[in-house]
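Visitor: The chain contents come next:
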Amino acid sequence: KAGVTQTPRYLIKTRGQQVTLSCSPISGHRSVSWYQQTPGQGLQFLFEYFSETQRNKGNFPGRFSGRQFSNSRSEMNVSTLELGDSALYLCASSFLYQGASGNTIYFGEGSWLTVV
Amino acid sequence: AQKVTQAQTEISVVEKEDVTLDCVYETRDTTYYLFWYKQPPSGELVFLIRRNSFDEQNEISGRYSWNFQKSTSSFNFTITASQVVDSAVYFCALHGQNFVFGPGTRLSVLP
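Protein chains in written order, with my numbering: chain R, 1 to 116; chain A, 1 to 111.
Pulled out of the complex, with its shape left as it was, chain R reads as follows (with noise of 0.2 Å):
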């Protein structure tokens, strides 16, 4: 069984500019979220999207936004990059919403973006 799949793995972006970063669930799964990772802050949640429907944002600005499709890929797009933007962007899917009782999460690679 194939595990979440991001895309790209590592970018490397100027200040300004936007992003999109792909996420491929666990085949099954309808939930996917996306975390944040600096070394400074640590693992932060972004948001979470079940079933094409954001369930739930964590405290980011609106330059960072997402979507998922009915086949539960998801995208999140960054706008206006700044430097503290540089971060490891992880997915992570869920066949249960986050919420749910008893769900586990998995978690992609990750795609590394450097803002210059």
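FYI, nobody ran anything at the bench for these hints, they're computed from the structure. Accuracy of the hints is not assured; some may be wrong.
[As the list claims (entries may be wrong)] Heads up, simulated BS3-like pairs for lysine-lysine below, C-alpha to C-alpha not over 30 Å straight-line:
| # | chain 1 | residue 1 | chain 2 | residue 2 |
| --- | --- | --- | --- | --- |
| 1 | A | Lys3 | A | Lys38 |
| 2 | A | Lys16 | A | Lys38 |
| 3 | A | Lys70 | A | Lys3 |
| 4 | R | Lys13 | A | Lys3 |
| 5 | R | Lys57 | A | Lys38 |
| 6 | A | Lys38 | A | Lys70 |
| 7 | R | Lys13 | R | Lys57 |
| 8 | A | Lys16 | R | Lys57 |
[Claimed, not checked] Chain A stretches covered by chain R per the calculated footprint, using a threshold of three residues with CB under 8 Å from any CB of chain R:
| # | stretch |
| --- | --- |
| 9 | 34 to 42 |
| 10 | 45 to 58 |
| 11 | 89 to 99 |
Just so it is clear, the structure is predicted and the values come from calculations on it, not from any experiment. Don't be surprised by glycine CBs; every beta carbon is placed ideally from N, CA and C.
Here the structure of chain R is known, so what remains is to put chain A in place on it, guided by the hints.
Guide: Using the frame of chain R, we list chain A on its own:
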């Protein structure tokens, strides 16, 4: 509010030593789940274990063991006879209504 504390930021041990990673959590939920994930340098968080709040039995899986003590709100992780491949960042997580991750403990196992 939910919170997970991993007081050990970094630990270094020599191969074959035993090492325990501490995890203390806070929650008002009566039903919750606790997790451990391993993050090797590649970046992926690898799921290791899930325990629910009603099951305080300790668990052993090969060289890994977990000690859940509800009375002290702790869910500690022990690696016996550590190996270089165990070097990674380990995260403890709490799942009540959402997932809350601890700050992680970086384990370095030296040959």
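Visitor: For each hint given before, does the structure comply? Return the numbers of the non-compliant ones in rising order.
Guide: Violated hints (numbers, rising): 4, 8; every other hint is consistent with the structure.
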